[in-house]
Structure formats: structure tokens, C-alpha cells
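Add chains F and R to chain C, keeping to what the hints say.
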Amino acid sequence: MDKKIKKATVFFAESVYITGFGSVVGKKEKDSWLGSWFDVAFDEDLWGEKSWEKCERKMFLRAVEVALAKAGITEKKADYLIGGDLLNQIISAGFSARELGIPFFGIYGACSSMAESMMLGAMLVDGGFANNVVCATSSHFATAERQFRSPLELGTPKTTTAQWTVVGAGASVLSKQGEPFYPKITYATTGRVLDFGIKDANNMGAAMAPAAAETIMLHLEETGRDISYYDKIVTGDLGKLGAGILFDLLNNEGIRACDNYFDCGIEIYKENNDMHCGGSGCGCGGSVLNGYFIKNMIEGTYKKILFVATGALLSPTSTGQGESIPAIAHAIAIETE
Amino acid sequence: MDIKKSINKKQYQKYVKEKMPKSKLLKECALAYFFGGIICMIGQGVYDLGNYFFNFSKDEASSFTAIVMIFLGSFLTGLGVYDIIGKHAGAGSIVPITGFANSIVSSAMDFKREGLVMGIGAKLFSVAGPVLVYGITSAVIVGVIYFFAK
Amino acid sequence: MDYLWSFIIGGAICTIGQVLLSKTNLNPGRILVLFVTGGVILGAVGVYKPIAELGKAGATVPLTGFGYALYQGAFEGVDKSGLLGAFTGPVSSTAGGIAGAVVFGYLIAVLFNPNTKK
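Residue numbers (my numbering), protein chains in the order written: chain C, 64 to 400; chain F, 44 to 193; chain R, 299 to 416.
Honestly, the hints are just simulated from the structure, not real lab data. Here a beta-carbon is modelled for each residue, glycine too, at the ideal position from N, C-alpha and C. Be careful, since some hints might not be right.
[Claimed, not checked] Quick look at which bits of chain F chain R covers, simulated, 3 or more residues with Cβ under 8 Å:
no.: 1; segment: 75-81
no.: 2; segment: 115-124
no.: 3; segment: 160-171
Just chain C, with the same shape it has in the complex (with noise of 0.2 Å):
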């Protein structure tokens, strides 16, 4: 079968084995029911360090030291790490990246960066450059907060489409060879950048939605899938109202989503009520994968999976001057024999 199908999607015709996954939370994310599956959890907001930032960057390394334990293999032996997070100049990837010595590429794919990083991981290891590739994103409230919202001790309330940004880190080791109990990717379809018009960046499900409607519905045009396929169509953060409009831009296709359907930002808050529209950040995703999915696939509970993390690529500078958010979506199929 050839790699390129048609337009988006590729296929890992080589073995791309998931063989390391590690998950690193806040105190909030350890309290709901996802809770005993993250791999290390933090009660306080620094876990000990001096800023927010700096703790940012502990969680995002723990996160891959975690991963590359599992591998079995050292940071040595990993040809590549591929992070990202939300943070001005991606600096808890970049500044761990410093610390883990593994030769790097940075990438800004806003809370679809678990997915966008994975895929270009999977090609790497598909195409013969690389054994293994670390695959790392993180995020943390008070950071995405400073740096697009508002100060934390600031006394306005949340609007009722709001998000809170994840406290978490994800990391997976993509390697060439593994188990065969270990999940694979076995495609990837890469998203476009669209733009609806929205402009409230509290808003950012509404934001997300088609561009996660396009990617879905493209990924299962090119390889042929019924959506029923997959046990789970996992988004990463779209939240209540954005998961809401995809089951309309999908239904409005004949595609059926809400039965398999599970999306992390909704599923991490699903028991706070103060959280509105669920939680977001890369690290919603990218713990959820590694700390719920891929262990339940490794067990059998789950044996196919699109995991389709959805990015919000705005700044405060392109919200300050009016413009409206652009968003993007990116699919890998994950699966075991």
C-alpha cells in the first residue's frame, strides 16, 4: 500500500509501536475519575518550584523520563524528541529539551500538539530516521492563564463557554520495534488550518469544532473506515459546546459520532460543575492518551482508537487586534493486533 493517500492521510506501512507512555497531573486532574491512571500526580500549584513556568518544565520532563522508563530505554538511546506546549517561544518543551540532552524539534500546534507531534514521530520511525522518537506536550493552568487570559486572582467570573486549562504532561516513545501487545499508529491525517469567524477566545470549542468535523470525516473518507470502526473517536479538548457542534457538522454528513465518542476535556472536569465547558491545554490530551488509553489498549479494553487533538492557534496580541481564531485538527489511528 502506498504511504501518501490521497490528500491527508499517510500510512505507517513499517511497525510505529508505542513502547513508552508516561502522564504527569495537577491535584484536580488526580481527583476525577481518570485519576489513578495518570502514571505521577502534584498537589500544589509549583510542586516545589520557584514559578509556575519551572514547574511547567518538571512536569513536562517527568512526563518523559516516565516514558522513556517504560521504553526500557535511556535518553541515549532516543534519536529524536518532537514537543510542544502553549507557552511563548514553547519554553517547558525547549528548556527540557536542554535537560534531556535528545536532539530536538519544537513544535506549536496549540492543544493539538500531543497528535501533531506523535504523527511526525510515526513518520520518522516509519521512513527509516529514526529507532526511537520521544513525543512530549504539556500545560498548567496559572501559565495559560498569565499568558492568555487573565491574572488568577483576578475577581472576574468564567463566561459559561469557558475552559480551564489541564494541569498535565503527556509523553509517548514511538519506537521501531515492540511487543506486539503494544499499540501502533497506523494512520495519520493531518489537519488544515480553518477559520470560522470566532472571535471570543473564551469560546475556543466553537473555535475548533469544523476543523475537527473536516479532519475526521477526511481521515475516514481516505481510509475507507466506518466511524463505527473505532472503539473510541477521542478529541482532545472540545469541550461541552464544541463537542456538541462536531456531533451536528458530522450528523449534518450522515456520520453518526456520539456512541463512541469521548473527549478528555470533558471527561477530566466531568465531575466539577465550576469547570463550564470542560478543560483544554496540550496536556489534557496528552495525558489522557498516555495515561488512560494507551495502558486500557495495552489490557484490551480498547483496541482501535482515533485520537484527534484539536489547537487553537491564536495569541493575545491577534485577539487584541481583532481577529477571529483559527483552528486546526490533527488524527492518528491507534491500534493493537
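Coordinates of chains F and R only, in the frame set by chain C:
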């Protein structure tokens, strides 16, 4: 698959507007009224304290009230309490002068780790600055108009 | 009695702000600018005076009251010192509040640490 062929921007925005969860205006206004009213009552108490207990003149008592309310807003922000009030009170905590203090302190606190000068010092007025700029400017303009109108 | 009126008027002014916050896409920063400027203008045209006399702290504690104080300073300044007074007046009359904001803002920020909302 080109989603732009299935739905255009305008249709989408209209659809989103309808689908968005509506805020409960009545409840929010009631809470804003209540909390705003309480804060003003506290202000009245401070004014009376200045007027009757400290024997300030009317002007002095007004300045005293502003200073004390600003202190209260700042202190509650430092304690981490003001944002909890604000979550429920909405405009009831934003509009009073305590909200002005809250915006100053919260902004400065966030940038503590960038130092006393470029962190706290520079960020003190990043949210509250426009209030001073537009307030003072409009007052000066109004004063100038008054001068020429006299 | 003063207390009742400050509750009534103060609450009402805040509620106007709430309607703007909920129904328009104005953010808090813009609403505050609207209020302070509104206080200046309403004071200048004489509308705010009766509200202030009735509502007492209910009219001076909200940010419109700050605007009102700025306007009063401007007019008194002009009466006293002519055109120069338009510049010296507003800031003089609100000096206490501004100095308090700077000093307390700074001190509290130095002494306390921000927390992620619980």
C-alpha cells in the same frame, strides 16, 4: 472533504450563537445588585467613621473612604478571597472601587517572579491603567470645556 | 437611612455593569473605562449630583463615583486657577485613591502570592 463547502462562516456563527449556553441574566443581576450594594454599604460605614469618629471634613472623609476601600480590595485579593467573591458577584465586585484595587493587585502578583521592578512595578497597572488614562483625560477635557464656557 | 440608599443606588449601578457584562461582548476592562468616563460626563452635565446626594456611598464607591470625583476636581481647579486648574484639579482630588492604589497594590503584591483557583 472540504467543510467550507458544507457550511459557510455566517451560517456557522449564527448556529453557534444559538447553540451557546445562555447565561442566567436575572440571577446574575440579582447577585451583582446584592454584592455591589453590600460593598457600597461598607463604604458608607467607612465614610461615617471618617466623618464622625475622626472628624474629617467632607472631602477628607471621601479620600479616606477611597483609600480604605482600596486597601480592603487589595487585602482581600492578596488573601485569595476576592476572586471567589467575584465568581459569584460578577459586576458587583468589578464596578466598586474595590474591584479597581483587585485588578491592580492581581496583575502585579502574577508577575512577582519577574522581579520587583519589571515584574510587580511594571504590571501594577496593566489591567487598571485604562481607567486612569480615560478618567483623567476625560476630566481634563471637561475642565477645559468648562473654562472656555465660563 | 444612608445605608439603605447606598445599598439601593450602589446595587443599581453595579447591575447596569452586570447587564453590559452579560449581554454585550464588552470585557471588564472596557466596562470600567465606560463607567469612569460616564461618571465624569454625568457629573459635568449635573446629572450625577442628585444621585450622589441621595445614594451617598452608593454613588461614590462604584467607579462612576471615581469619575465624579475627577470631574469635581476639574471644575474646582478651573474655578481656582483657570485653565491650569483643569490639569491640576482632577488628579489632586483623587490623589488619596491613586496613592493608595499604588502603595497598597505594591505592598500586597510583594507580601502575598497568587494561587490557582480552588
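Verification of the hints:
Here's how the segment 75-81 of chain F fares: 7 of its residues keep a CB closer than 8 Å to some CB of chain R, so the rule of at least three is met and the hint holds. Look at the segment 115-124 of chain F against chain R: 6 of its residues bring a Cβ nearer than 8 Å to a Cβ of that chain, three or more, so the hint holds. As drawn, the segment 160-171 of chain F meets chain R at 5 residues by the rule of a beta-carbon pair under 8 Å; at three or more, the given contact holds.
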